[in-house]
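2 protein chains.
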Amino acid sequence: MAANKTTRRSKPRSTIERAATIVAPQSKRPTERPSDRPCKVALLGFGTVGSSVAKILCERSNAALRLTHVLNRNIARKKVDWLPSSVYWTENIDDILSSDADIVVEVLGGLQPTEDWIRRALTSGKSVVTANKQLIARCGLELIALAQQMKQQIEFGASVAGGVPVISGLQQGLAGDDLFKIRGILNGTCNYILSQIESNGIPFATALREAQKLGFAEADPTEDIDGLDARAKLAILARVGLRCNIQPESIMARSISAIDAVDFEYAKQLGCTIRQISWAELRKPEVKSAERNTGANENSKRQELLAAVQPALVELSSPLARVEGAQNLVIATGTYGGETVFGGHGAGGHPTAVAVVSDILAIAHSRQYAQSPLKSASPSVNGDAPERPEKTPTVTDDYTSKHYLRFLVKDRPGIIASLATILAECGVNIDSVLQKPGCPKSHLPFLISLEECEASLVERALRQINTLDFMVQPCLHLPIL
Amino acid sequence: MAANKTTRRSKPRSTIERAATIVAPQSKRPTERPSDRPCKVALLGFGTVGSSVAKILCERSNAALRLTHVLNRNIARKKVDWLPSSVYWTENIDDILSSDADIVVEVLGGLQPTEDWIRRALTSGKSVVTANKQLIARCGLELIALAQQMKQQIEFGASVAGGVPVISGLQQGLAGDDLFKIRGILNGTCNYILSQIESNGIPFATALREAQKLGFAEADPTEDIDGLDARAKLAILARVGLRCNIQPESIMARSISAIDAVDFEYAKQLGCTIRQISWAELRKPEVKSAERNTGANENSKRQELLAAVQPALVELSSPLARVEGAQNLVIATGTYGGETVFGGHGAGGHPTAVAVVSDILAIAHSRQYAQSPLKSASPSVNGDAPERPEKTPTVTDDYTSKHYLRFLVKDRPGIIASLATILAECGVNIDSVLQKPGCPKSHLPFLISLEECEASLVERALRQINTLDFMVQPCLHLPIL
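Which chain is which? The protein sequence lines are A and B, in order.
Note that the working numbering has the first sequence beginning at -5, numbered continuously upward.
Note that the working numbering has the second sequence beginning at -5, numbered continuously upward.
Check before you lean on any hint, since a few could be wrong.
When chains are identical, the list treats them as one kind, so a pair holds in a single copy or across two.
Once the Cα atoms are required to be at most 25 Å apart in a straight line, the calculated DSS-like pairs of lysine-lysine come out as [to be verified]:
1. Lys73 - Lys175
2. Lys34 - Lys73
3. Lys430 - Lys49
4. Lys278 - Lys49
5. Lys49 - Lys385
6. Lys72 - Lys430
7. Lys49 - Lys175
8. Lys34 - Lys49
9. Lys278 - Lys396
10. Lys49 - Lys73
11. Lys396 - Lys262
Hints in this document: simulated from the structure, not taken from any laboratory.
Here the structure is a predicted model, which is why all the values come from computation and not from measurement.
Just chain A, same shape as in the assembly (with noise of 0.2 Å):
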């Protein structure tokens, strides 16, 4: 979103418009003490989320508080009548970086303008709450190390899981604990589209439309579909939970686009159902016992992460099963305190807002208490703890598990034969093999289930079972969890 000064300028101004103007402070006053005044929040961006911000804002008495900026494209037709007369619209950033705004919340999305404008609120002395997930799983890192040079701080707990309040129940609930594993389900999307293909019945295509007819899927689902947006998010709690500097892109992530209506019959003569599970787990460097054995010692004293996003099969008796709709769930693990659940909605206005005013208040907090701005505010609360290290792991995708592979054949004697053949010459073992009746010769879907093994080997038998010809379309492959 680009700021359109002209736009702004050629229209007239309503009286409460310039009202607002004249009121709207454009510079810091020097002798006012932070916990003398309101902390000031301006919001850029007045979408779905920006306007539920400023209703809370609005709605909760907040002496603490005041909204006094809304920056946003087109003004003329975005403005309400229910916020403060006060409030000073613009469509300049410049209005905002020059203001005496304490807080500068970030509710536009997108990577670029959006993270210089971040990066000059933090230097023009601001700080900064965002709920963008692909910012901060990209350069979350370098912000907060701007943030904190600049003595400021940058929230995010907004930026995963929506309402769920995951970020500070990992930073702060659970800071005594030595985390090692976190299991999520971190897209509403395909958790809708998923539980619609479970208890309808209905092909992933038709469950697609109907989501997108009901706003739970964009016009391009890409980046829900195909996993990008749930492993931003987990790289985000990778670092968060883990102290683990992933870039998303190191994450493998597979699409949930194969899963059919007759995948969740097989899951259920597992006792399983499927969800689009996101993962990450520290590998202590000790279990890789094939490379102590080859003597390479020095590599395997780094710590290795396994991280994916991908369908999978859960136990029905797994919280990850029970997640309806658009909810989000995750599940952190610890050392110490075992299994913990955060679970709520994943999405939306007003739940995204309230993690967003959570996180405004954080900082208010802070300021309120602090001396000098300058001198004595408290560090990010996303910064680290000073006591636990950083990691940078090498990132794997190869993890243990049973495995689930549905193939869809045109039938015809010997292929149970042929299959068992190469999954026994991968070192695979069967478990079991089932085929629901009544289905099309041509187009006929069984599954094997597969011993607990490495997805490496099962891959590896893919890549040759792929090809034969009585394969109608290449094997769907999902870990049984």
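Model the placement of chain B on the given structure of chain A, informed by the hints.
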């Protein structure tokens, strides 16, 4: 627990012990700024939770924290070899209070002398972390005020739901919402016993004995079974999440001891199971239409808090129904964010210790960035966010719900007619009548479920019903949530 100086002095001390005494710092060095050195932690209590806290502090490489003191009764018997020799063991609280420890961690339990010791620690310029639910429920507000006055912090994240970070979740993660309802399973002992009755069809007394044998219930289980433990936790959650000052004694608590296996059979027929539910809900004054009609306008302006701890029927599809064994779960409902779920291990040394260490880290983190401990230390994180005023509501237990009435009668003709007449006279409508076959005529259990109405109407009917001569025992009355 009384400090016993004589015991310590009367025993010859080992070299390590004496060395520890020598290095144990006994007074503040005023030239040392808190950010220059690790935060020093003194531990009051070395039982299950205390030793877990010590273990985590030792095992995690923690440059910012150092365990310096342990207080316990009979330290000669308590001492372990895995703590650094620099840790100073004592039975005398004055050793702790006169030391340079920054944070005093109280995991002794009990009301006295614990309360005095916490007050003296705060007055001595130390911050406090406590897991003491009864103490915080009773005088948490006073202790917070004292901490603020002394520019110290008091944290109590471990006082509710052990390792589940629900206190920080409500205070920070959901600070941006306007919460009005909290429901939870806050007592692992009750949940374990109810789970056992459910899955094994055993009577309550048997389930309790087994829980005691396995260490899931105390020798005197009253606090747990009768809901006194849970209501202290609920009082804390109501304060933290709903900003309501209520004393635990004002919360209605009903025992789970009347629940029997047959109740789970009937509950199942209603699509439900039975759990001990702690429940606090703010009611807007305007819902009390009866009061408005009688002109009780002044009273109706005061907010009402529904608060109760009792066994209740919960739908099998609810997250509350799926809490198994000794797990805890809390569902917070807000105006903006809807329902948010926190779940995990509600008790046990390690999970509770995680909550304690998280609180220690929060204090250490804020101290590390404060310029001077007396001038700019952060306020209690558990202190009120400044923008939300405290409420002191009227507490009521007159919930409105469907109702489950399980009778145990000496069978004879006309029982249903008598019951139906009384219920109708009290303005209560029957929804269903269920009677499982094959029960003895002399102890015949059967169920009447009621349509939604106020609990007080049902209680009025039951006062009459319980006097009828065919009643073998008083009717079991549970809400259906």
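Is it within a copy, between copies, both, or neither that the alpha carbon of Lys49 lies no farther than 25 Å from that of Lys73?
within (13 Å within a copy, 57 Å between copies)
At most 25 Å between C-alpha atoms: does Lys73 with Lys175 qualify within a copy, between copies, both, or neither?
The answer is neither: 45 Å in one copy and 34 Å across copies each exceed 25 Å.
Up to 25 Å CA-CA - Lys262 versus Lys396, copy category:
Classified as within; 15 Å inside a copy, 34 Å across copies.
Can you tell me if Lys34 and Lys73 fall within 25 Å by alpha carbon in one copy, between copies, both or neither?
within (19 Å within a copy, 54 Å between copies)
If the cut is 25 Å between Cα atoms, do Lys49 and Lys175 qualify within a copy, between copies, both or neither?
So Lys49 and Lys175 pass the 25 Å test across copies only (21 Å; inside, 37 Å).
If the cut is 25 Å between Cα atoms, do Lys278 and Lys396 qualify within a copy, between copies, both or neither?
So Lys278 and Lys396 pass the 25 Å test inside one copy only (21 Å; across, 52 Å).
Given a CA cutoff of 25 Å, do Lys430 and Lys49 count as a within-copy pair, a between-copy pair, both, or neither?
Answer is neither; intra-copy 53 Å and inter-copy 53 Å both fail.
Should Lys34 paired with Lys49 be assigned to within, between, both, or neither, using CA atoms and 25 Å as the limit?
Classified as within: same-chain Cα gap 15 Å, cross-chain 44 Å, threshold 25 Å.
Can you tell me if Lys278 and Lys49 fall within 25 Å by alpha carbon in one copy, between copies, both or neither?
Cα proximity of Lys278 and Lys49: across copies only (20 Å, versus 47 Å in one copy).
My question is about Lys49 and Lys385: at a cut-off of 25 Å on alpha-carbon distance, are they close within one copy, between copies, both, or neither?
Intra 40 Å, inter 23 Å, cutoff 25 Å: inter-copy only.
From the Cα coordinates, with 25 Å as the cut-off, is the pair Lys72 and Lys430 best called within, between, both, or neither?
The answer is neither: 55 Å in one copy and 63 Å across copies each exceed 25 Å.
Comparing the model with each numbered hint stated earlier shows that hints 1, 3 and 6 do not hold.
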